[in-house]
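Chemist: Sequence:
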Amino acid sequence: MGMGNGCSCGPAQRRINPDGGPTRKVARIVQEYPHSTEAFTQGLVFHQGRLFESTGHMGTLRELSLESATPVWMEELGNIFTEGLASDGERLYQITWTEGLLYTWSGLPPVRERTTRYSGDGWGLCYWQGRLVRSDGSSTLTFHSLDTFEPLGTVEVTLQGQPQDQLNELECANGVIYANVWHSSSVLEIDPATGQVIAIIDASALTRAVAPQLDNREAVLNGIAVDPATGRMLMTGKLWPKLFEVRLETLD
Numbered sequence: 002m003g004m005g006n007g008c009s010c011g012p013a014q015r016r017i018n019p020d021g022g023p024t025r026k027v028a029r030i031v032q033e034y035p036h037s038t039e040a041f042t043q044g045l046v047f048h049q050g051r052l053f054e055s056t057g058h059m060g061t062l063r064e065l066s067l068e069s070a071t072p073v074w075m076e077e078l079g080n081i082f083t084e085g086l087a088s089d090g091e092r093l094y095q096i097t098w099t100e101g102l103l104y105t106w107s108g109l110p111p112v113r114e115r116t117t118r119y120s121g122d123g124w125g126l127c128y129w130q131g132r133l134v135r136s137d138g139s140s141t142l143t144f145h146s147l148d149t150f151e152p153l154g155t156v157e158v159t160l161q162g163q164p165q166d167q168l169n170e171l172e173c174a175n176g177v178i179y180a181n182v183w184h185s186s187s188v189l190e191i192d193p194a195t196g197q198v199i200a201i202i203d204a205s206a207l208t209r210a211v212a213p214q215l216d217n218r219e220a221v222l223n224g225i226a227v228d229p230a231t232g233r234m235l236m237t238g239k240l241w242p243k244l245f246e247v248r249l250e251t252l253d
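Residues 2 to 253 in my numbering are what the sequence shown spells out, letter by letter.
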């Protein structure tokens, strides 16, 4: 595990099936909302009661409305490929793919407060108990200082002992880390303390709902946001025309 466990908390591990395998869940569509087909979604998060999105290619930070595909507010970041997005309730944190930059935003509408350099790639980002958690496309999650973004520890994500790579956008909520798997319709629920996959969510119903309108192989599921005030879960994908409210149901 490299630098050691990322956190000491582990109540999520009690949810594993008695046979030792992960719980199987399915994402049921509750509601559909419009989403911009120009948004190459890399991060999605609720922040101070509002929904924000980070997009790649020509990077942006956007505030979204569920009533329209047009952003309520948007800051363009030029040719910076921005990726994961996290909120600690006071600030937004946005990472970049290969540029090694972390942007910290404050206020509403957000203003870039500072830029911090770090080593490695950035894919997903979420906030967990005073730390930021970063994925980089491998099977490793790295825990970072909120203030300096210095690495504090790592966990390797495993499913019944086998490393799970291609971890993309992250959401820390409900005592677990939700991770999109690149080019997959599966979402993993991960125990932050051990890296163990405790549940696999089948989100293929969402992919099927938008498939007739997609013609880009990179238009994959990527984007999870859980409203801390209500528990409502939203999911979307890169270049998708829809954003979905979903309900998770256990199959086992």
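Just so you know, these hints were derived from the structure itself, not from any lab.
Don't be surprised by glycine CBs; every beta carbon is placed ideally from N, CA and C.
Please note: incorrect hints may appear among the correct ones.
Claimed, not checked - So the derived label-pair ranges between C-beta atoms look like this:
1) S120 x D166: 15 to 21 angstroms
2) D166 x N217: 31 to 37 angstroms
3) E151 x R29: 36 to 42 angstroms
Chemist: So, against the hints stated earlier in the document, which numbers end up violated here?
Modeler: 2
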